[in-house]
Amino acid sequence: DSGVTQTPKHLITATGQRVTLRCSPRSGDLSVYWYQQSLDQGLQFLIQYYNGEERAKGNILERFSAQQFPDLHSELNLSSLELGDSALYFCASSVVGQGLFFGPGTRLTVL
Amino acid sequence: AQSVTQLGSHVSVSEGALVLLRCNYSSSVPPYLFWYVQYPNQGLQLLLKYTSAATLVKGINGFEAEFKKSETSFHLTKPSAHMSDAAEYFCAVNSGGSNYKLTFGKGTLLTVNP
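Chains as they are written, first to last, in this note's numbering: chain H, 244 to 354; chain E, 46 to 159.
A couple of the hints might just be wrong.
Claimed, not checked - Listed next, the in silico DSSO-like pairs over lysine-lysine satisfying Cα-Cα at most 30 Å (straight line):
1) H/K252 with E/K114
2) E/K146 with E/K114
3) E/K94 with H/K300
4) H/K252 with E/K146
Hints were generated in silico from the structure; no laboratory data involved.
In isolation and in its complexed conformation, chain E is listed as follows (with noise of 0.2 Å):
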């Protein structure tokens, strides 16, 4: 089985701060993992991805995350926050392949304070 835990359910930062947003998974094999965002009223868009390639990835809108297998983390980070990045944010994962039935943390909403 698999899970996902994001610390925080609400994360407030100024606007140019750092960004750091928390998740850690259990997995009984190699995970793939994912960050989506949802702005008001919309649909999911997935920022970034790890699928066991490189540990740091890079996604959209200049976030990234870094998997570390020994923390059973992957942490987003975004350098300096921008207005627009207000939205709830939600780690999933999955055990790759071509199945994607993803299970998702609580997700974290996150509001820039200007």
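Bound-form chain H, shown alone (with noise of 0.2 Å):
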């Protein structure tokens, strides 16, 4: 068990539809990082935050968004989605001088 808690766990929505998935880092982690693991993409850094502000930025469409509440918990938001958007989505949080720990993931599926 990693510390990192994602939720839910399964996903399931139609296309067009809009879907929040949440994160909780390990206690006293500041930093949140966002993945997508897919077939053909693989693992995508999506977005990082530090302490509720963004900090940086990779693949992630503008039909994405993400952000961190003081509490450190970070959503990240799918709108307007594709069946090409179905992926595991992967949260993780950093210590100095460890790496990532990431959570379980949330299973996106848009039919």
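Two chains, two frames, some hints: make the complex.
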């Protein structure tokens, strides 16, 4: 158990809809990272937050947005969903010198 | 820019045999390198990391990796494979410091045959 929690575990929705994925980092970790894992793209970095502020951005679509709240949990919002957005979405938190600790992921299926 | 190439998307070994999973990196700055393992339907678990200290890094579950700057490699090895090692393995690189925006390889699926 990495100490990073993600909800929900599974999400099934339709094209055009909007969903919110939630992540709580390990106790004491200030950074949250979001990654997308798909068969064709592999593991892609989406975005990083540090203590409530956006720190780095990767291959995140404009239809996607994220935020980190004062209690350090983070939400990833995906809107106008397309079939190609079906993937595993991972959240991770970091400890300096230790690397990333990943949550169990949210499997999103867009029908 | 950084990148990682994992040679071989699928490696199959017999139980008790040597495991060798290859990773080559490209980085314009001294890299930090990581190996992660992903079991079916689970998240990624850190196996080991290289952060510019000893070039031979020991990780969990009997795995180790050696950083070779001249070859830009960070191959993962285990002397004797166990059935429980069957999983997907990912090599990753970042530029160090406190930012862990990792760039991952495409992964290598390890199959262990009885």
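Cross-check of the supplied hints:
no., hint, verdict
1, H/K252 with E/K114, "violated (40 Å)"
2, E/K146 with E/K114, "holds (21 Å)"
3, E/K94 with H/K300, "holds (23 Å)"
4, H/K252 with E/K146, "holds (24 Å)"
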